[in-house]
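Using the sequences and the accompanying hints, generate a full structural model.
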Amino acid sequence: MTDGLRLRGVHLSRGAITALRGIDLVVRRGELLVVLGPSGAGKSSLLRAIAGLDPVSGGTVAIGGRDVTALRPGQRNVSMVFQSYSLLPHLTVADNIAFGHRIRGADRRVAAARAAQAAATVGCADLLGRRPHQLSGGERQRVALARVLVREPDVFLLDEPLANLDAALRTRMRTEIRAVHDRLGTTTVYVTHDQSEAMALGDRIAVLRDGRIEQVDTPDEVWHRPRTRYVASFVGGPGMNLLPGVGPLRRPGVEATAVELGVRPEHVTLSSGISPVGPLGEVERVEVLGEDALVHLLVGGHPVIARVPAHTRPTPGDRVSVSVAEEHLHAFDTVTGERIPLPAEAAVR
Amino acid sequence: MKRTVALLSLLTMLTATGVTAGCGADTDPAADTVSLLVAGTPDELAAYRALAAEYEKASPGAMVTLIEASSAKDLMTRVSTSIAGNAAPDLFLINYRNFGQFATKGALAPMTARLAASGSLHDKDFYPQAMGAFRWRGEQMCLPQNISSLAVYYNRSLFTKYQVPEPVAGWHWNDMVATAQALTRDAGGQTVKAGEPEAAGVPVAVHGLGVTPELIRLAPLIWSNGGDIVDDPAAPTRLTLDTPAARQVIQDFLELPKIGVVPSDVEVETQDHEARFAAGKVAMFVSSRRVTTAFRAITGFEWDVAPLPQYRSPANILHSDAYCMTKASSRQDAAWRFLEYALSDPGAALMAKTGRTVPSRTSVATSPAFLSPGTSPARSQIFLDTIPALRPVPTISTWPEIEDATGKILENAFYHGDPIDKVIADLDAATRAIFQRGTAAR
Amino acid sequence: MNRDRRQLVLMLLPYLIGLVVLVLLPAAATMAMAFTETDLIATSRLIGVANFVELTRDPAVGAAVGNSLSYLMFSVPLRLVIAVGLALLLHRRARGAGTARAAVLLPGAVPELAYGLMWLWLLNPIQGPVNQLLMLGGQGGRTAFGTLPPQWLTDPEDARAGIVLMSLFTIGETFVIVLTARLALPPEAYELAELEGARAGQVLRRVTLPLLAPVLAVLVLRDTLMSLQASFVPTLVVTNGGPPPYATTYLSLVLYQDAFEYLRYGYAAAVAALMLGLTAVAVLIQWRLLRRWASHGVVGVGAQRPGN
Chain A
1 MTDGLRLRGV HLSRGAITAL RGIDLVVRRG ELLVVLGPSG AGKSSLLRAI AGLDPVSGGT
61 VAIGGRDVTA LRPGQRNVSM VFQSYSLLPH LTVADNIAFG HRIRGADRRV AAARAAQAAA
121 TVGCADLLGR RPHQLSGGER QRVALARVLV REPDVFLLDE PLANLDAALR TRMRTEIRAV
181 HDRLGTTTVY VTHDQSEAMA LGDRIAVLRD GRIEQVDTPD EVWHRPRTRY VASFVGGPGM
241 NLLPGVGPLR RPGVEATAVE LGVRPEHVTL SSGISPVGPL GEVERVEVLG EDALVHLLVG
301 GHPVIARVPA HTRPTPGDRV SVSVAEEHLH AFDTVTGERI PLPAEAAVR
Chain B
1 MKRTVALLSL LTMLTATGVT AGCGADTDPA ADTVSLLVAG TPDELAAYRA LAAEYEKASP
61 GAMVTLIEAS SAKDLMTRVS TSIAGNAAPD LFLINYRNFG QFATKGALAP MTARLAASGS
121 LHDKDFYPQA MGAFRWRGEQ MCLPQNISSL AVYYNRSLFT KYQVPEPVAG WHWNDMVATA
181 QALTRDAGGQ TVKAGEPEAA GVPVAVHGLG VTPELIRLAP LIWSNGGDIV DDPAAPTRLT
241 LDTPAARQVI QDFLELPKIG VVPSDVEVET QDHEARFAAG KVAMFVSSRR VTTAFRAITG
301 FEWDVAPLPQ YRSPANILHS DAYCMTKASS RQDAAWRFLE YALSDPGAAL MAKTGRTVPS
361 RTSVATSPAF LSPGTSPARS QIFLDTIPAL RPVPTISTWP EIEDATGKIL ENAFYHGDPI
421 DKVIADLDAA TRAIFQRGTA AR
Chain C
1 MNRDRRQLVL MLLPYLIGLV VLVLLPAAAT MAMAFTETDL IATSRLIGVA NFVELTRDPA
61 VGAAVGNSLS YLMFSVPLRL VIAVGLALLL HRRARGAGTA RAAVLLPGAV PELAYGLMWL
121 WLLNPIQGPV NQLLMLGGQG GRTAFGTLPP QWLTDPEDAR AGIVLMSLFT IGETFVIVLT
181 ARLALPPEAY ELAELEGARA GQVLRRVTLP LLAPVLAVLV LRDTLMSLQA SFVPTLVVTN
241 GGPPPYATTY LSLVLYQDAF EYLRYGYAAA VAALMLGLTA VAVLIQWRLL RRWASHGVVG
301 VGAQRPGN
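From first to last, the protein sequence lines are chains A, B and C.
Residue 15 in my numbering sits at position 15 of the first sequence, with consecutive numbering throughout.
Residue 367 in my numbering sits at position 367 of the second sequence, with consecutive numbering throughout.
Residue 80 in my numbering sits at position 80 of the third sequence, with consecutive numbering throughout.
To be clear, the hints were calculated from the coordinates, so they are not data collected in a lab.
Glycine included, each C-beta is placed from N, C-alpha and C at the ideal position.
All the pointers check out, no bait thrown in.
Computed Cβ-Cβ distance ranges for the label pairs, DEER-style: (1) C/L22 x A/S136: 43 to 49 Å; (2) C/P187 x A/A106: 23 to 29 Å; (3) B/K258 x C/V21: 55 to 61 Å.
Which bits of chain B does chain C cover? Going by a derived footprint, with three or more residues having C-beta under 8 Å, they are: (4) 78 to 91; (5) 98 to 109; (6) 255 to 269; (7) 393 to 404; (8) 407 to 413.
Straight-line Cα separation of at most 20 Å, EDC-like style, residue types lysine to aspartate or glutamate; simulated pairs: (9) B/K281 x B/D186; (10) B/K57 x B/D333; (11) B/K105 x C/E261; (12) B/K105 x C/E37.
Next comes the structure, spelled out in structure tokens:
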């Protein structure tokens, strides 16, 4: 089976700015890959390089085993949904969805029928006669989705399609997008800066930083075995606590001058009692998030965040003992940022 | 030419309001300050500036505010708008063809009494033909500054080169046509027939004659042939160009392009008659005295003026401008004092030296200031000789409109060869309503 | 009246005063003057609708209405097509684009009279550069195709064409507006079309023009409004309304001649009223058409940009 999409050593620079610095990425056929990263990481550039909107300055792009590096966007058979502007304001919903077919010279009636079908797929069949300015934000992106899937492209590219929607709608829409993807099985690259969206949607997640991929893995792997210190701190809400650890560390296969220790807030256990099980921390601030609470502590002068059930939360000023199960400890090379496998890891596995 | 004038008038129109407003704002003027509105070419305006300066020098304490318009039409606009705006100039200079509306509508202060009482100006000092043109209901409304007429400017060097006899007094229209034929030459110096560019075989290097197809060019010829252009010169109601006398003249005139002695419309658009003459590319050019100043700059050939040709008797058309005093002026005494100087021997001589006008004052017209021995044209005397034969255009307030309306038809007829009956009928049809709207000015 | 409204009124006040004193009052006075005989020398006289009756019989006015309409028919669409074409050509950052943009703007910056005089020279039938250029390769004063070059100043049709030609170079303002509108169009709209493989023609027809349509509609209306006046200076300077009798006589020239050359201010005011009426009718027709097209979705009047 050929790959859905394969990027090899893709470089992209615009003027003095280099957006992508050697991207190697394989998206399997039918896979939904989420590209996650902060703004400026090169997420959109990656999509534009795949679509052919920006010519790459190095490397190759192949879609379905076909090298498309030199092809114009229209010849790559990809479809794209933009963050805010995915519809032409002068066209009705039906005409917007049919736009691609009409451009390719399809018969008006055939195009209209396909459009209606696609609209039904994403549940906006009742909007066909409206114009974009008469639609809500959610409806608009739904129509935009219909527009890209009507053509049955080889690859869907979605560039933060939900970024402009409110939280509730965003959650609902991402479920729908996942459902549509499961139904159609089209290779999809989905760009977002929202790590929870990435975790919820992706078959795999590619974490992007400064034009480089830090890690490509399933959400589980990214969560449990972040490959770098950066991935660890970026994924999660909030990200992993990082504390200066011991060093240097020398073990077979590992040589680090300094090591940082990481632990997810979810894995920090707080206990108040006579017999402390770990070092003491002072509670500075507590944020309640419904069922859970985030406790901001100072442990030995270092800030640490713990996520605890809200009913067990301490109050600011309390001194509590902080403990972490060994299997939940992560270690990173302070200099390279790379993950260092700990002995406990093998045990967990 | 017409266009440049229109353009200039527009240019000055933009400044007109400012100037007249400034004049009106002058609430407490010195008793001996007088404003004068004049129109003209830059050298004419310069002459008026010199006149004003001389007057100020000759009468200490006196001041002349000169308001300059660029063309006769512009001047009309400015006089009318300034009268309406209660900021009329004390004096303005106007052609008799346009003076009618101001006289009939009571905008002018009569000068008969002042002239009779004056110690320095007298009725008999001026040519009666010019004085008469500015009389209305027995009153002398304005005092003429000049008395010009049509003449034939000719390139003497060409006449000599091709051994064609120079025009003499009393020559006939047909003599002029024959002379023009003899002078229409190609680059090789052979006589040719000028024609439409489509038909022209050999390009013409020199045309025999330049004349604009206008009613005021036809009028003196018609008079000379014993006809008239309107039914009643004092109170005209229609054109009378259908009389045999007028018809013959029009026919002869419209023949000129067919005979092949005049430049085509395209050639005239390329270079107008005046420039053509100055460039030595047209041998004879019918115009008034006003082109003299410009022609005096010609260095490439010798030129002179000849009398207008005639049919049966000598006849010519009056061109005259006069100083008029506005009724609204609060400084009429000062204005009169200026007039006494401007029309005196030294004042009139100053204007005569520009060469552009024929002085209305007989003593200056017959003096070297005008006849200017040693300077072209040598035969300036012909402008004086023709004075007894001068006639004014009919006096009606809508005369400028009649000139424009007939000009369009005559231009078309001249260059496109419309049948004469149609031309005469069109001229009549286009002017009836304008005559009807006009009021007789005398 | 709340504070915002009061501020709004205060800010508008200088403009409103100017509008009333310099435009509305004179306009009202002109309309009143149309019913009088006024030469500004004697007191004017009420003559009812006589001026308007004369309008219907005046051959100059009849010819001018026809000429003005033909000018409108040719000049307005041609100007728009050229301005849009140039704006679309020059909206990208490219070598020489800035210079080219300036060059498009330049003719509009020349004072009208100077511009007219320049054309008087350009269109000179024999010595003018335009005909000199057309006669390149031809012989005996003919073009390379053996035809006579246009007689810009003496042939009625050619003269009218000349006036339209003159108007085609003063499109700087229209150009700038279209250019700005084009630059404001979202790049995503073009990327969207690019992804669908749209060709240049399809992009123009299906993306650019529909998105620019609201701006273009306004420009057509504006150009129409101005075209009745725009023909004034060229005709005054270059053709003086000729070739005779009225080949390039437009209403503005009739008005000018009647008012300022013949001192018939009352009649000229009636001509002004006619111009106003014609302009209103032209605008009304266009507005109706635009509304109809908009409701059929041909042009996007009133459409908003989605997003945000």
